[in-house]
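Peer 1: Sequence:
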Amino acid sequence: MDNQPNNNFKIEVIQGGLFSDEEIEKHPGIRHETTQETGIKHLNGTISMARNEPGTASTEFFICIGNQPELDFGGQRNPDGQGFAAFGKVVEGMEVVRKIQQLPDENQYLKEPVQILVVQRIS
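First residue of the sequence shown? That's 1 in the UniProt record's numbering, and the numbers climb one at a time after it.
One should not assume that every hint holds.
No farther apart than 25 Å at their CA atoms in a straight line, the calculated lysine-lysine pairs in the DSS-like style are these [claimed, not checked]: (1) K99 <-> K10; (2) K99 <-> K89; (3) K41 <-> K111; (4) K41 <-> K10.
None of these hints come from the bench; they were simulated from the model.
All chains should be built: construct the whole structure from the sequences, respecting the hints.
Peer 2: As structure tokens, then:
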């Protein structure tokens, strides 16, 4: 599913998180860490923060399907060239990510929400 079909730079991701204004207001934006700072690139399975402007990421994230260099610092997906803040990686279960991508959608939203059952931090 292309989550922004009118954008010139196509990407393949699935996006999730808390979308309501009420939830977003409870969680202020975090400092933007570019891929140039962290060295974490947007490769297959990378987990990253969705945002509008730098410092506005709070409750939404996405998972890359395939390599997505346009999402890195200097990429052209976001006009400011700052890219998106990658912070993790799917280490098991990319087949589930691909299945989610194939689910029926309407106006870029899944018709039926997918509940996240397990997320683990691996040091």
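Peer 1: Decide, hint by hint, whether the structure agrees.
Peer 2: These are the hints, each one checked on the structure:
1. K99 <-> K10: This hinted pair holds, its Cα atoms lying about 19 Å apart.
2. K99 <-> K89: Roughly 17 Å separates the two Cα atoms, so the pair holds.
3. K41 <-> K111: violated (30 Å)
4. K41 <-> K10: holds (17 Å)
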